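One-letter residues, chain by chain:
Number of protein chains: 2
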Amino acid sequence: MNEEETPIQWIEDIDKIAALISFTYRSVQKHFAKELALYHIGWGHFSILMSLYRQEGRSQDSLAQSRGFDKTMIAKSILKLEKEGIVYRITDPEDKRIKRLYLTEKGRKLKPEIRKIGFEMNSLLLKGFDSDELPSAIEIVRKIALNAAQL
Amino acid sequence: MNEEETPIQWIEDIDKIAALISFTYRSVQKHFAKELALYHIGWGHFSILMSLYRQEGRSQDSLAQSRGFDKTMIAKSILKLEKEGIVYRITDPEDKRIKRLYLTEKGRKLKPEIRKIGFEMNSLLLKGFDSDELPSAIEIVRKIALNAAQL
Chain A
11 MNEEETPIQW IEDIDKIAAL ISFTYRSVQK HFAKELALYH IGWGHFSILM
61 SLYRQEGRSQ DSLAQSRGFD KTMIAKSILK LEKEGIVYRI TDPEDKRIKR
111 LYLTEKGRKL KPEIRKIGFE MNSLLLKGFD SDELPSAIEI VRKIALNAAQ
161 L
Chain B
11 MNEEETPIQW IEDIDKIAAL ISFTYRSVQK HFAKELALYH IGWGHFSILM
61 SLYRQEGRSQ DSLAQSRGFD KTMIAKSILK LEKEGIVYRI TDPEDKRIKR
111 LYLTEKGRKL KPEIRKIGFE MNSLLLKGFD SDELPSAIEI VRKIALNAAQ
161 L
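As they're listed, the protein sequences go chains A and B. Residue 11 is where the first sequence starts when you use the numbering used here, and the numbers rise one by one after that. Residue 11 is where the second sequence starts when you use the numbering used here, and the numbers rise one by one after that.
For the record, the hints were derived by calculation from the structure and aren't laboratory data. Treat the hints with care, as some may be off.
Intra- or inter-copy, both count: the list cannot distinguish identical chains.
As the list claims (entries may be wrong) - Think about it this way: if two alpha-carbon atoms lie no more than 16 Å apart in a straight line, the pair counts; the simulated EDC-like pairs of lysine to aspartate or glutamate are:
1. K86 <-> D105
2. K126 <-> D80
3. K106 <-> E130
4. K44 <-> D140
5. K153 <-> E22
6. K26 <-> E130
7. K153 <-> D71
8. K40 <-> D80
Since the model is a prediction, treat every value here as computed from it, not as a measurement.
Extracted from the complex, chain A is given alone in its bound form (with noise of 0.2 Å):
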């Protein structure tokens, strides 16, 4: 028995999609744990953060149904956020059972440390692609996850 495989031989070995896929995702999620640890955030409110950085004003419905995020996930991620003083709710003034999320003085802030967490992941997980290979390496993630999407 191989009792010593390393995440190397393993992923060297495989060539199934989604395991390499959750691979990577559980390996960025522990490496920068510690790091959201510091503002008081994990994995999920990074998440939602990148995208109220992207466009604030976004529903939690809204949210959770463009980026996949589960409901009560998100729902108990926001409460934290809030508690936080990171992001505050709206009622939508046209229809009142819509909240609408938006960033606090603190939560903008953060806008640059949280990016610059962002920006760290993109690169540690593309490193060593040159930039003849990038833009397709982009596109077939793209092209995995539009089929994600279609689940």
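Chain B: place on chain A using the hints.
Relative to the frame of chain A, chain B by itself:
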């Protein structure tokens, strides 16, 4: 404000590999939750089972280390798989600190069904890739996973 941003618009617009991978992971996890619930298991259990179908007798720590699982998460998941009568643990006679993982009869019987789910995931994610593109798509995702293994 574009409230109705769909996953597809967002995916087509973004070139952040970590965001695309996270979206893919979340979508697959969400999509297969119901199917896995039929076996009283969740996403984490599925990944552990797939690993054991490749190789039984691994230790919990070796599995956590090589597959990037969080140690607390894997410990909990294995307890649950034991409770469901799907796996069992044996103390290594040469090193009593090591518990090795094996599939029960029930666990082995589930193999074709669980692997079918994995097969389905992979083919859904690779829909629309033709046979020319497929090997390079897998190589690119593998290269990304190898980067993640260095984190």
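The hints, checked one at a time:
no.: 1; hint: K86 <-> D105; result: neither (22 Å within a copy, 42 Å between copies)
no.: 2; hint: K126 <-> D80; result: neither (25 Å within a copy, 24 Å between copies)
no.: 3; hint: K106 <-> E130; result: neither (39 Å within a copy, 41 Å between copies)
no.: 4; hint: K44 <-> D140; result: neither (29 Å within a copy, 40 Å between copies)
no.: 5; hint: K153 <-> E22; result: between (22 Å within a copy, 9 Å between copies)
no.: 6; hint: K26 <-> E130; result: between (26 Å within a copy, 11 Å between copies)
no.: 7; hint: K153 <-> D71; result: neither (24 Å within a copy, 34 Å between copies)
no.: 8; hint: K40 <-> D80; result: between (20 Å within a copy, 7 Å between copies)
Hints 1, 2, 3, 4 and 7, counting from the list given before, are not met by this structure.
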